[in-house]
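There are 2 protein chains.
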Amino acid sequence: MDFTFSPIGLFHTPYGSTEAIPKAFGKTPTAWGSIEIFPEYEKGLLKIEAFTHLLVIFAFHRSTQKPLTVTPPTQEEERGVFASRSPHRPNPVGVLTVQLLKREGNFLFVSGLDVLDGTPVLDIKPYLQHFDCRPESRAGI
Amino acid sequence: MDFTFSPIGLFHTPYGSTEAIPKAFGKTPTAWGSIEIFPEYEKGLLKIEAFTHLLVIFAFHRSTQKPLTVTPPTQEEERGVFASRSPHRPNPVGVLTVQLLKREGNFLFVSGLDVLDGTPVLDIKPYLQHFDCRPESRAGI
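Top to bottom, those sequences are chains A and B.
Under my numbering, the letters of the first sequence match residues 1 to 141, in that order.
Under my numbering, the letters of the second sequence match residues 1 to 141, in that order.
In isolation and in its complexed conformation, chain A is listed as follows (with noise of 0.2 Å):
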């Protein structure tokens, strides 16, 4: 069974390439820039300002390759697609947590950003301490 999902906006960030965006190992994103809403869409932002930070989810729509294993910039050593975040991966859907600065009309003002400019949003969830943050979470490699 496979699912089809159609992009709801996209980000406009100021990365043009991936060389771009910068491989800043262990912190967070700070770029600044906005996700556009497509206007048919627009009426789900409803009470999103109550929210401090957003996830999106979305497409790595340049991704064309599908390895299983992948070896990540500055390791050395292979590991599983799933102990990665490459933008390379069987379904290339991607996950992004972002800070909201304002919001204007369709259009979602936030910092955080690390992807391609175009990159097209299929969704957009708010933040949920609860559900969301693991501070006694651990990365061994």
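It cannot be assumed that every hint is accurate.
The list makes no distinction among identical chains, and a pair is therefore deemed to hold if it is satisfied within one copy or across any two copies.
What the hints assert, rightly or not - For lysine to any residue, the following SDA-like pairs were computed, each having C-alpha atoms within a straight-line distance of at most 20 Å:
| no. | residue 1 | residue 2 |
| --- | --- | --- |
| 1 | Lys-23 | Gln-75 |
| 2 | Lys-47 | Arg-85 |
| 3 | Lys-47 | Glu-76 |
| 4 | Lys-23 | His-130 |
| 5 | Lys-27 | Ala-139 |
| 6 | Lys-23 | His-88 |
| 7 | Lys-43 | Gly-140 |
| 8 | Lys-27 | Gln-75 |
| 9 | Lys-47 | Pro-72 |
| 10 | Lys-27 | Pro-135 |
| 11 | Lys-66 | Glu-42 |
Hint data in this document are derived by calculation from the structure and do not stem from the laboratory.
These numbers come from a predicted model, not from an experiment.
Given chain A, work out where chain B should sit, using these hints.
Quick look at chain B alone, frame taken from chain A:
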């Protein structure tokens, strides 16, 4: 431009119906269960045990409606669907953070479940604190 995704696995959870899922608002889900990764994707799990927590992207496969506004349970006021975690949304995709308890072959035993048994899994990513944890976030509604 649409995007079509094929499940890489399935959730096995204690919840056979949406009514069985506890509505523990403001609390982290605690139920245990597993994620079965289909054998053809097992190689993608290499070294996943290095991470204590995982982000799981999944399809709300029972979702049939795509409203733009919703009134969440325990709430009285309507809000936009993008200001809610409702399973009924334009693209019925969900994201869940789970704790990885152990891996046995192509099965990941996890806690923190609040999804239906049999839910199709589209992607798994390591949870990275600097990317995914926002203790300063606030939810006004």
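Tell me, in ascending order, the numbers of any earlier hints that this structure violates. Of the numbered hints given earlier, the structure breaks none, since each of them holds.
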